Each structure stands twice: as structure tokens, then as C-alpha cells.
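Undergrad: In case you want the letters, here they are:
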Amino acid sequence: MDNIAGSKSGLSWAVQISTLLIVLLWLFPTVGLLVSSFRTADQISASGWWAALFPQEQNEVIRLADPDEARVPDGAMFVVSGNLFDGAERQITAWGTSSRRIAEFAPGETAELGEGETLTIEASGDYVWRGTDDQLSGRAQRSFVTVVSQPEFTLANYDNMLFDPGNSEGMARAFFNTLTVTIPATVIPIVIAAFAAYALAWMQFPGRALLIACVVGLLVVPLQLALIPLLRLHLGIGIGKGYLGVWLAHTGFGLPLAIYLLRNYMASLPRDIIENAKVDGATDFQIFTRIILPLSFPALASFAIFQFLWTWNDLLVAKVFLIDATGDTTVMTNQIVELLGTRGGNWEILATAAFVSIAVPLAVFFAMQRYLVRGLLAGSVK
Amino acid sequence: MNPALQGLLTIVIGVGGCIGYFWLSNQVLDKVIFPPKGANPGRNITRANMVRPWLFLFPAIVALGLYLAYPVIETLRLSLTDRDQGGAFVGLANYRQMLSEEKFWEAMRNNMLWLIVVPAASTALGLLVAQLTDRIRWGSLAKSLIFMPMAISFVGASVIFKLIYDVRPVDQSQIGVMNAIWLQFEGGIGSVLFLKLLPAVILAGFAAAVAYVGWLLARPVFGSHPPGFRALRLLAGAGAAWLVILSLRSILALVSVELAYGEPQAWLAIPFWNNFLLMVVLIWIQTGFAMVILSAALRGIPEETVEAAIVDGANPFQVFFQIKVPQIMGTIVVVWTTITLVVLKVFDIVFAMTNGQWETQVLANYMFDKLFRANDWGVGSAAAIVIMILVTPILAWNVWNARKEMR
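Line by line, the protein sequences give chains A and B. Under our numbering, think of the first position of the first sequence as 1, with each following residue one higher. Under our numbering, think of the first position of the second sequence as 1, with each following residue one higher.
To be clear, the hints were calculated from the coordinates, so they are not data collected in a lab. Because the structure is a prediction, the values reported are computed rather than measured. You may find that some hints are simply not true.
To be verified - With the C-beta cut set under 8 angstroms, the calculated list includes, among others, these residues of chain A facing chain B:
| hint | residue |
| --- | --- |
| 1 | Ile-192 |
| 2 | Thr-333 |
| 3 | Phe-365 |
Claimed, not checked - With a cut-off of at most 35 angstroms between alpha-carbon atoms, the simulated DSBU-like pairs for lysine-lysine come out as follows:
| hint | chain 1 | residue 1 | chain 2 | residue 2 |
| --- | --- | --- | --- | --- |
| 4 | B | Lys-404 | B | Lys-345 |
| 5 | B | Lys-31 | A | Lys-278 |
| 6 | A | Lys-241 | B | Lys-404 |
| 7 | B | Lys-196 | B | Lys-103 |
| 8 | B | Lys-103 | A | Lys-241 |
| 9 | B | Lys-103 | A | Lys-278 |
| 10 | B | Lys-345 | B | Lys-103 |
Think of the CB as a built atom: it goes at the ideal place given N, C-alpha and C, for glycine as much as any other residue.
Next comes chain B alone, as it looks inside the complex (with noise of 0.2 angstroms):
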């Protein structure tokens, strides 16, 4: 049969068939089991109405029990059995297997690397953009460029962005952006300044940076907190005193490196430095989804708080950091956990741009490796709760926020 008929009598079947099953069920539950006439109309009517919100929430509960609780729960005993074996147990073996891998270590550090610059860029981007745009006539028209996108799928901005990184031979004119500029420069002093200065101070700065705010989060270890709350801290001020470190000693990388001036890089080729051309991708995409929430949270800032600060002389840098930005802290660590929630997925982007090659492997990328060209279900599955236990602390706190705001 035609793919489209089909599609189409799917839509119809589905439909008619859920909407028929809720009338029906109602029917049947209101006509036929408990009729509200006969002996006890009223016990009947309150025993329809026990039973009607499980006949609407069936075909729900069904499906997400089926299609997402159930594949937990499987996940976690296939990850203990081996394939090769017809599914026996083996314990941790997979597990084994897969922390001597040396590409699973390569997946981890990336995807470490992913869930800070990414989050953190997005939000911040967003959070400019947000800001920039707050009070100009077409600030509407630039937030929907930039918000545009998020339409795009992972494959469709790989594409593009493959085609900014693209290479050509050297006796070719270069036809990808990257490249183009990079033949710009050859050796002079416009190229130190450019290529080494302006990079080696940015990541100084950064570093400062990062430094600051991991010294803000770990100080209060040393003061009376709840001890679930310091090893967060300090797992915090470790991640920063990380960044920090990897931070100068790119610095140092950059100023002792010699650049290889007028000969085209393949970029996605580079170990380590294409992984941030691949977070590039994700950091384009995200910001948007950054800067529309972002935007929303800084129009609903009481304005008297914006005026009382400008009335006692804070200058417009001292007003966006010291009382706009507090203000809207809870929106900020909602849109980071959201984004951290799609780069701790990350596939297409991977798998499209280089899949993996040049030690730019990723968690997600790495599972499907094992399941779909290594088949081995057992290490796959191994990886895919790797993946789970990294979202849990999300799932718990998204969780106790929902349940705290329900009462």
C-alpha cells in the first residue's frame, strides 16, 4: 500500500479510534454498567465517576508505561546480560568492559566538556541577546532571527556548519568560511594580534572568570551548610578549578604553537579543538531557546526595583548584574538544566559532522555505536544507563519542584 494512504488511514484509524474508544467507554460506563436509574442512582453515579478518570487516563498510562517506564527497567537487566551468551546474566561484566575502553573515556571527557561550555554559553548568549534586545523598536524581529534556529534539525545545521568548516586543497579557492579567513593571515603582526593576543586574553579572561565564580560557590564550604549542599559546592569549585587549569594551559598551547599560516586545516580533524567547533552547532541552535525564556523572566522584573537602583545612582552594568540578574536566577537555572537535558542526548550532531572520528566521540553517539554496527546490546545498554544516571539528579530536582509548587 502507498506509504501516504497508509499514513493517512492511520491518522483516521488512531483518531476515530481514540476518540471512539473514550465515547464508547463513557457510553458503556454511563448506559450499561452503572445507569444512574434503577435502585441506587446516586451510588451509581458515584461509582461512574471513581472509574471515568482511569477510561481517560488508560491509553495514556499505557503508552507511557510501555514506551518509557518499561524500557528503564529492560535497559537496566540488559545491561547485565550478554547477547553472545542468549542473554545470560553476567553481572557487571558490560560495565567492565566498557570503563577499559579507552573510547568510552574519550566520550565521557567529551561530554563533560559538552555539558559546561554549551549550557554555559547558551545561557549566557541568550541572556545578552535577551537583554539587547529588551528595549529596541526591532527587537522582536532580531529575537525571531535568532530564535529561527530551532527549527532547524541537528542534520540540517551540521550541514550548514560543515560547509563553514569545509577544506579544499591548497591550490583551490576555499570555499568554507573558516578557511577563507584563516588564508586571510599570514604570519604578520595583525596575525599575532588576532590569532594569539585576542584568543590568549579572552581565555584569561574567562578563566578569571570561572575562577571567580568557583571560588563563589566553594567559599561557603568553610561555613555552617547541610552537608548535601557542600559536596555540590565543592564538586563545583572542583569543575571550575578544572576550567581554569585547562584554560591556561591552552593559553600556553596558543602562544608557543606555530601556526601553519597559508595552508587550509581540515577543522573537524583537530583533536580536541573540534569538539568545540561541534558545540558550536548546538550553541547556535540553543541560544534562541535561551534568549525567549530568558526574555520573558526580564520583562516580568517589577520595574520599581530596576528604578529605585537607578535612582540611587547604579549605572546600567551594576543594574543588569547586581538587580536584574538575582531576580531572575530560577529562570536562568531552568533554562541551564534544560539545555544540559539536550546535550547530555546529543546524537545527530556527532553523528552527522564527524561520528566520533578525531576523538570527538559523545556518550550518545558512542551507544549507538555499539548497538547498531557492534552489536552488542549489553555494553549499549551499559552506556544508555550512563546516560540515565547523568539526567537522574535533573529528574529528582524537576520532580520535587513540581510536586513542592502542586501544594
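If we strip away everything but chain A, and leave its shape as in the complex, we get (with noise of 0.2 angstroms):
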């Protein structure tokens, strides 16, 4: 565990090899989805993700093309001759006739189906269909083929997904809705709370400490019990199921943690910056927007990402309090969920929608993941 003095390189080596499988175990899921999501549909269910990197095996049945249309005489025969994948790139392996051998022949083969009639189908699928009129009339030839398709990869799902007008399950809408409930609902607390948190930290007034143990109180308030009592003040006041509504709520429900946060690290920051600026003759105000404001900046900028990462990744408060009968202001996780519902083996539709959601927390995630970590350190160690 600590490679001390040189002794125990061994131990070190376990180390290191029991964080890598930890780091992989963890990624594993994840990068799951992400392969999926640039998979076609036939590849996803053909199948696992983890083989998406290998040719893949399968037997499909194919009907070769309708003799009546196709056929062309060929002196007293008739033959038909086409591309069982109408040109796309693939190699068969082997193939048959019968359901019940569907490998009975190699690419470029001939099979005897009875009284003249042959068909051979060559490696990359062109086949030539031999026989007599009689023969080669009414339904076509069914074959058996074994394909191996080779990996292939496609942003098609999120075309699909992301510019796709008429797709009704896009989620180019969710998208701006979340981004249109995210913004203003991380903004707005952070000024309340900032105002707040200078008066708790550096102002002396009577009742400060019980509005302190009032805010950590509150800081863990599960977000339940304000269900009810809040949807039924929104109807009577008449703001409804809105954007309005859900800002309102996640302004509310952000408060204790910004206060809480930004009180900690204001009260850390130097006294004698305030009171000389203080003998300075500046005003509360002035030590506030032209000293506090500025130096608290990691701070402002820890609750900002921790506000941000919820409210785009709610989906209670947005189904209470945002999401109406109509379903016109639905965001990406009410979506996703939705889409679990109607759509629930269609991975590469779910994969697509999830990352869609996934992809911008994860992004301000790695920019920021300072901030994140101080701000998580600042809220729970003391």
C-alpha cells in the first residue's frame, strides 16, 4: 500500500493492476452506451456492444428477386441472376437452401435443386438462378446465408435524434427546454444567496447564528415534502405548471446549499481586507460587489456547476412542477424515460437520447472538476 523504502514493489504492482480493473469496472457502462449509440439498429441486436469492434456472424434468409419480373431467357432456360444485398459491402460465408442446412454450401458453389433448376451464390452475394420456365415462376427462391457484416459505425442515431424535425421523439425540444429551465435556475440563487451569505458571514446583527443552524437545517430537507404544499401554492396563485414554477423551485431548493457554501468560504476570507476598506469609508455594498464578490469566485463557481449538474439532471421537480398535459415543455430526462417506456429494446434510440443528456454534465464536469471538488470538499469536510 505504501511503497516504503523500495520494499515492496510487488504490493505496488497489485496496486496499480486493482485500480486499473477498478477504473475499467467503472468505465465499462458507460462506454457501453456510447458504442451504442453510434451502432445501427440490425448491429445492435446482432450483437453485444463489447464484440462492436469485430466482424460479426449472422444467418439471415433472404428471397432472391421475383422470377416473373426478373428472368431472362437463356437459350430454353431461364435465369436470374442479381445481388442478394443489392450491392452493399458483405461477405457470406456459407449458405444453403433448406431451413434446415443453412450451411450445406461454400460461396461460389452450385446447388442441384432438382430436375435442372441450380443456383449458385457466389461470396459477395451474386447469385445466378437457373431453370426452366416452369421452374422459375410464381415465388421466388428463398436462401439461407451465413454473413459476416463488418463493424461499422454511424452518427445516423443522432441525426436521427437531434436534427430531425419530424422525428416526434427527438430531443432537440427537451434539449432546450432543460437548457431553458438550467440557466435561470442557477443564475438567480447564486445573486440571493451571495447577498445572503455576506450578511451571515460579515455583518453582526442579532439572530445570526439561529438563521445559520436555520440554513443547515434546511440543507437537508428532502425535497418531498414540498411537492404538495408548493404545486398546490403555484395553482392558487395562479403561476401554474411552467418554466416560472420550476425556476421558482429550484431557486428555493438550491438556497440552503449556496448560502451554506458561499457563508463558509466568505467567513475564511481575510478580515483585514473588509475593515480596511471599511476605515476606507466604503459601504456594505461597495465591500460587497468591489472586494467580496470578486475574491469568492471559486466558491460562486462550486455551487454553480453543483446547481447546474441537478437541475439539468432533475427529473422530480421538472415532473411536478414544470411538465403539463400537453407535454410541450418536456425535458431530456422526463423524455428518456418516456422513451423507456414506448421504446424499450430499441437501444440505439435510448443510447442516443441518454447521451444526448449525458454529454453536457460531462463536459462541464471535466472543464470544471476543480471547482467541483472544492466545492465538495468546502460543503462536507470540516
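Once you've looked at the hints, go ahead and assemble the two chains, each given alone in its own frame, into the complex.
TA: Here it is, written out as C-alpha cells:
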């Protein structure tokens, strides 16, 4: 565990390897979703995503071209020829003409179908079907092929979910709705909390300690308690279900953490700065806007990230305060839950939808991780 | 109006309004009501400074009061009324009805299981990773990757894990990892080794560990301690005993069960065990949180204590368990309680993955069900109050700690 005096190199290797294993285990689920979102529906159902990089074998049943239309005379016989895959790049490893022996022939071999009727299928899918007038009519011959399809990745899922205006299940509208919810719900609590935090950190007044205790208490009040009373309140005063309601709700729910984080940070700023400014005749308002706010940037950033992640990822508050019966104001989380219900097996849709909603928080996370960690530490380690 | 435009307008009005309010109210206070001139400039300044904190606090207090404090009282009141009777006072009828419902007890049972397993597993794993990555060169990269699920929504994580638990009919290829691995087992010696012996050994180890911790916790009851602690210790001991019995019973069930080799399983529809599959999602998310905080705590341990232990001949495991862990116990408790709070409110995961079917109900989802499907505000409020009651000890403890620190 500790490579002290260079004595434990074996243990050090064990540590490295087990860390690597844990990291891979932790990444595995997300990578699965990411890979799936770039595969076609056929590929997803043909094999697990972990096999996405390798060629896959699939058994397919393909009917030849309709002989009544496609046949051409060839001496006394007729011939139907064409390509099983309509020219797509695929490789046949074996084929057959009956469902009981689907791998009877190798590519290039010719199958005798009786009474002179023959079928030849090449590895590329080109086939020649030869027979008499009688044999080459009615329903077309079926072929059972074992195909190897090369790995194939596509952006079509994203195109479909994001940029297709005709797709009622698309994520574009939900994406903008989420953005619309998130930004005001992140900015407004910061402003309100910053002033309150300054008062709690640097102003003397009776009841200050009690107020701080209240904020700490409200920090853990479960959201669930607020749902019914506030919904009734919103309906009662005419806000109803809508953006205004969800902004107000997120502001209220985010405030305790905001005040708590910002107060702790502001209280740790050096006293001299503030006292000097006061001696120089600055008012509290000036001290706050000119000195405290710029110095508190790291704490403001940490809270902003928290609140952004929380509002972006929220489902419950949006369901209760925002989304009405028309569903026009649906957010991404809600859209995904609905897709889970209606498109449970269509992973190309689900994976893409989920990744669209995950991408933005992940980008924010990796860009601002420093502030997030700092905020977490300020919030819980004392 | 376009919602994006409306959002922009709200930011401008909201932020501008807030700043305008703060600025204007301060101006009015300083220039109009208590100007620092005239008859008593000194008294006026003092008075202005007495009022000013409340100007700064006013919006926050209103928002906190309206959006958090008032709902607690109102929910309590609603839980004692019946909506169908026009909000008439019905006493404890809602609670009685809730207590008589099988689904409620299922939710309680599951929530207790969540409360034990998720914080314990997340904290333990977080501690493990924090210790492992402490001295590795690429440790910060590893930490960053394990921390990443924190940014993923519960709904997104549910989709991710639904893909893992996915099941396809027997004649199609399985695209869920769980089933793909499961179908590798055919009932031979390897299957017995991995699916019966190994889990049984792990469960037995878990039971032994829990029994040991439970004994450590419960033993001082026989000594002289304040009665409050004694009750808590007894409670912890009882919980540990329950867990031990649960794991022993699971071992028995595991050994005697006929596993259906070769058949793809609908994992989320297997009662009792599916709870754990849902918990995995939250553990996956919360481990990063635990790791970040515990890793900072580990860094804060004075180097001398560790060196002294090594000089005295302690092996790495002894250093970890007997020197490091006791020194960060306070942080471990904070992490544990924070995750406990998350668990108590867990809703999205259950809602998105099973919606409480197949005996996976939890309190928060039960409450949502009552509120918005059954439209029963009384019982829904009662369920919310139950969640509040479960949170209260942590709330009291937090407030007590915060006050202690202020002095």
C-alpha cells in the first residue's frame, strides 16, 4: 500500500493493477452506452456492444428477385441473376437452400435444386438462378446465408434524434427546454444567496447564529415534502405548471446549499481586507460588490456547477412543477423515461437519447472538475 | 413567447431585479430613511447598519421560508386531512391506511436495505479507491474517471444499467452483459465454483464482518454509558444481527437453488435480488463522491503517525486499518450520512428502471405514486412525513455539529 524504502514493489504492482481493474469496471457501463449510440439498430441486436469492433456472423434469410419480373431467357432455360444485398459490402461464408441445412454450401458452389434447376451464390452475394420456364415462376426461391458484416459505426442515430424535425421522439426540443430550465435556475439562486451569505458571514446582528443553524437544517429537508404544498401554492396563485414555477422551485431548493457554501467561504476571507475598506469609508454594498464577490469566485463557481448538474439532471421537480398535460415543456430526463416505456428494446434510440443528455454535464464536469471537488470538500469536510 | 427568449428575459429580470433590489434598498436606506447627516448622523448610521443585514437577507429568507420551511408544516397538516372530503381533518386515518398497505411495508423494507447497503458499499469502495490511488502516478486520472458518474443523471445511469441487465429471447444473441456472462455458465464445475462457492464465501465473509462490527458496536452496552448511546448501540447491534441472518439465509438459498443454466434471465424481474441491481446504480454514482472526500482526508493525515507505525513494524494493512482509518473516522461518518440522505430521497432510479414493480418499491416512489397516480394527497403527505422523520436524526446531528463549530 505504501511503497516505503522501495521494499514493496510487488505490492505496488498489485495496487496498480487493481486500480486499473476498478477504473475499467467503472468506465465499462458508460462506454457500452456510448458505443451503442453509434451502431445501427441491426448491429445492436446482432451482437453485444463489446463485440462491436469485430466482424460479426449473422444468419439471414433472403428471398431472390421475383422471377416473373427479373428472369431473362438463356437458351431453352431462364436465368435470374442479381445480388442478395443490393450491392452492399458483405461477405458470405456459407449458404443453403433449406432452413434445416443453412450452411450446406460454400460460396461459389452450385446447388442442384432438382430437375436441372440450379442456384449459385458467390461470396459477394452475386447469384445466378437457372431453371425452366416452369421452375422460374411464382414465388422466388429463398436462400439461407451466413453473412459476415464488417463493423460499422454511424452518426445517423444522432442525426435522427437531434436534427430530424419530423421525429416526435427527438431530443432537440427537450434539449432546449432543459437548457431553458437550467440557466435561470442556476443564476438566480447565486445572486440571492451571495447577498445572504455576506450578511451571515460579515454583518453583526441578533439572531445570526440561529439563522445559520436554520440554513444547515434546511440543507437536508427532503424535496419530497415540498411537492404537494408548493404545487397547490403555484396553482393557487396562478403560476400553474410552467417555467416560472420550476425556476422558483429550483431557486428555493438550491438556496440552502448556496448560502452554506458561500458563507463558509466568505467567512474564511481575511478580516483585514474588509476592515481596511470600512476604514476607507466603503459601504457594505460596495465592500460586497467590489471585494467579496470577486474574491469568492471559486465558491461561486463550485455552487454554480452543483446547481447546474442538479437542475440539468433533475426529473422529479420538472415532473411536478413544469410538465403539463400537453408535454410541450418536457425535459430530457422525462423524455428518456418515456422512451424507456415506449421504446424499451430500441437501444439505438435509448442510447442516443441518454447520451445527448449526459454529454453536456460530462463536458462541464471535466472542464470544471477542480471547482466541483473544492465545493464538495467545503460542503462536507469540516 | 419562445421559451428560450422567456428564459433569457427571466435571467435579465431575475438577476437585474435582485441586484436592483439590493442596490435600491441600500440607497433608500442610506439616502432617505437614515441619511448620515442632519440632526443625528451617528445614530442614523448605527440604525442603518442594524437594518441592512435584513435587507441583504430578505429575499433568501422569503425563498427559504416559502419553499422549504412552509412546506414542512403544510405537508404535516395535509397528512392529517382527506382530499376527497374537501380537506377535512381526519386525524391519523391516512397513516393508518398507509400502514395497512402491503406496498408501504415493501417500500420500508427495501428502503432499509438501501440504507444499509448503498452507504456502506459506496463508502467502503470510495475508501478503497482513495487509498489505492493515493500514491500512484496516474492516481488523479483514475480518480477523475471514477468520479465521472457524479455528473451523470440518475435517469441516464438507469438507461446505462438497463442495457447491462437487458434480456433477449433465447434464440437471439444477448446484448446485455449480465446475460451474456450468465449464458457462459453451463452447470459444470466452473459454474459451481463461480456461481455457488464464490458468492457463498463472499457472503460468509460479509456476514462475519458484519457480526464483528455489530459485536464491537453492541458490546459496550454492558458497560456504563449514557442511555441514549446505549439505545443507538442496541439498534446498530440488532441491525447487524438482521444482516447476518439475511446473509446466512441467502447462503442456504444459494446452495440449494437449482440455477436455470442456459436460459436468459430477466434480471430486474427477480424479486428481492433486483433491489441490489438497482442499488448498484447508486453505488456506481456515489463511490466517486466518497472517494474524493476520503482521499482529501487521507492526505490530511499527519505523515509522522504513519511513519511511526512503520518504524514500529506495522504492515501496510495495519497502517491502513489501525492508523489511518481511525484518524479519518469523522470524515467517514460525514460521507456516510451524506450518502444516506441521497438514498432516502432516491426516486429517479426506481422510477425509470422498474417503477416499483417486482417488489422494488421505495418510499419516495411510493409517495410519488400516491400523489400523482392515485391522486391521494393525504397518504402521499403521510409518506413524505415518514421520509422527513427518517431524515430528522441526521438533521439534528448536522445542526448540532454546525453550532459546535461556530463557537
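Undergrad: Against the structure shown, which of the earlier numbered hints fail to hold, in ascending order?
TA: The structure conflicts with hints 6 and 9, although it agrees with all the remaining ones.
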